[in-house]
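Chemist: Residues per chain, in single letters:
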Amino acid sequence: DSGVTQTPKHLITATGQRVTLRCSPRSGDLSVYWYQQSLDQGLQFLIQYYNGEERAKGNILERFSAQQFPDLHSELNLSSLELGDSALYFCASSVVEAGLDTQYFGPGTRLTVL
Amino acid sequence: QQQVKQSPQSLIVQKGGISIINCAYENTAFDYFPWYQQFPGKGPALLIAIRPDVSEKKEGRFTISFNKSAKQFSLHIMDSQPGDSATYFCAASKNRDDKIIFGKGTRLHILP
Numbered sequence: 001d002s003g004v005t006q007t008p009k010h011l012i013t014a015t016g017q018r019v020t021l022r023c024s025p026r027s028g029d030l031s032v033y034w035y036q037q038s039l040d041q042g043l044q045f046l047i048q049y050y051n052g053e054e055r056a057k058g059n060i061l062e063r064f065s066a067q068q069f070p071d072l073h074s075e076l077n078l079s080s081l082e083l084g085d086s087a088l089y090f091c092a093s094s095v096v097e098a099g100l101d102t103q104y105f106g107p108g109t110r111l112t113v114l
Numbered sequence: 001q002q003q004v005k006q007s008p009q010s011l012i013v014q015k016g017g018i019s020i021i022n023c024a025y026e027n028t029a030f031d032y033f034p035w036y037q038q039f040p041g042k043g044p045a046l047l048i049a050i051r052p053d054v055s056e057k058k059e060g061r062f063t064i065s066f067n068k069s070a071k072q073f074s075l076h077i078m079d080s081q082p083g084d085s086a087t088y089f090c091a092a093s094k095n096r097d098d099k100i101i102f103g104k105g106t107r108l109h110i111l112p
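Line by line, the protein sequences are chains A and B. Quick note on numbering: my numbering labels position 10 of the first sequence as 10, and the sequence is numbered without any gaps. Quick note on numbering: my numbering labels position 45 of the second sequence as 45, and the sequence is numbered without any gaps.
Take these hints with a grain of salt, some might be off.
Chain A regions said to be covered by chain B (calculated; three or more residues, Cβ under 8 Å) [what the hints assert, rightly or not]:
no., stretch
1, 36–50
2, 101–111
Think about it this way: if two alpha-carbon atoms lie no more than 30 Å apart in a straight line, the pair counts; the simulated DSSO-like pairs of lysine-lysine are [stated by the list, open to error]:
no., chain 1, residue 1, chain 2, residue 2
3, A, K57, B, K94
4, B, K58, A, K57
5, A, K57, B, K5
6, B, K15, B, K94
7, B, K5, B, K94
8, B, K104, A, K9
9, B, K68, B, K94
10, B, K104, B, K71
Part of the chain A face toward chain B, derived, beta carbon under 10 Å [to be verified]:
no., residue
11, L83
12, G84
13, L88
Rather than coming from a laboratory, the hints here were simulated on the basis of the structure. C-beta: ideal position from N, C-alpha, C; glycine also.
Please model the entire structure based on the sequences and the hints provided.
Modeler: In C-alpha cells, the structure reads:
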C-alpha cells in the first residue's frame, strides 16, 4: 500500500459526459501528479500540482482539468468524454528520500467510456 | 517523441535465471532514473532508482547498471522468481520533483 488513495476504483460512463477523479496524497507530500495509462500510449504524464499551484503540464487535453485543494487532495476533471479517453488514471505523490525524489502511485481509477 | 526507449516488450525467463531489461534515453538533462514494477490491477511501485553519478546500484536481487556515455541503463533481476512476473517500466526525469517520462514497459513472465 503506497499511502496514496484514489476514488472511485472503477467508473463507467457515456460519451459526452463529465467525470471527476479524486486523489489523496501520502501524508505530508505536497506534490501530486496525474498520469494516464492506456494500452497504446503507455504511461503518460498529464499534470503536476505542488502545494495548490500548477507546476507542470504534460500531454493533457483541453477537455481535462485538475486542481489541488488546501488539504492537498487533488481532483482530475474529464469532460466531453470520448471513447479514446478510456484508460487507467493514476495519481502519484512525491517525497524526497536520500536525495532522490520518489513518486508513490495510487491504485488508479479505471475509466470506461461507452 | 518517445524519450525513453525500453526493450524487450516481453520477456520469458526460467525460474532461477537472470532477467535483463534495457533502456536508452536521449535527453542528457535527465538525472534521475527509477524503475517501476506494476502488477495487474495495481499502480506502479518504485523498485529501485539511480542517479547518473553512480554506475551500478544493487538492492537485493535487483541491480541497475548505468552507462552515462552510451545513455543506457538496464535492470537485472537475479535468481528470478515467479512472483517477479509483472510489467516493468524504466523511467527518467530531469530533476527532483519533476514529471517522470516512462518507457513503454516490459511484460516479464517467470516460468515456474
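Chemist: Work down the list of hints and note, for each, if the structure agrees.
Modeler: Comparing the hints with the structure gives:
Here the stretch 36–50 of chain A counts 6 residues with a CB under 8 Å from a CB of chain B, which clears the bar of 3, and the coverage holds. With 8 residues carrying a beta carbon less than 8 Å from a beta carbon of chain B, the stretch 101–111 of chain A meets the three-residue requirement, and the given coverage holds. For the suggested pair A:K57 and B:K94, the alpha carbons sit about 14 Å apart, so the restraint of at most 30 Å is met. Pair hint B:K58 plus A:K57 does not hold up; C-alpha atoms about 33 Å apart against a cutoff of 30 Å.
Among the hinted pairs, A:K57 with B:K5 is consistent with the structure: their alpha-carbon atoms are about 22 Å apart, no more than 30 Å. Restraint check for B:K15 and B:K94: the C-alpha separation of about 36 Å exceeds 30 Å, so the hint is violated. About 16 Å separates the Cα atoms of B:K5 and B:K94, which keeps this hinted pair within 30 Å; it holds. Taking the CA atoms of B:K104 and A:K9, the gap is about 23 Å. The hint holds against a cut of 30 Å.
Taking the CA atoms of B:K68 and B:K94, the gap is near 14 Å; set against the 30 Å cutoff, the hint holds. As the CA atoms of B:K104 and B:K71 are separated by approximately 17 Å, the hinted pair is consistent with the 30 Å bound. Taking 10 Å as the C-beta cut-off, the interface hint given for A:L83 is violated, the closest approach to chain B being about 22 Å. Hint status for A:G84: violated, given a least beta-carbon distance of 18 Å to chain B, over 10 Å.
A hinted interface residue such as A:L88 counts as satisfied when its beta carbon comes closer than 10 Å to some beta carbon of chain B; here the least separation is about 8 Å, so the hint holds.
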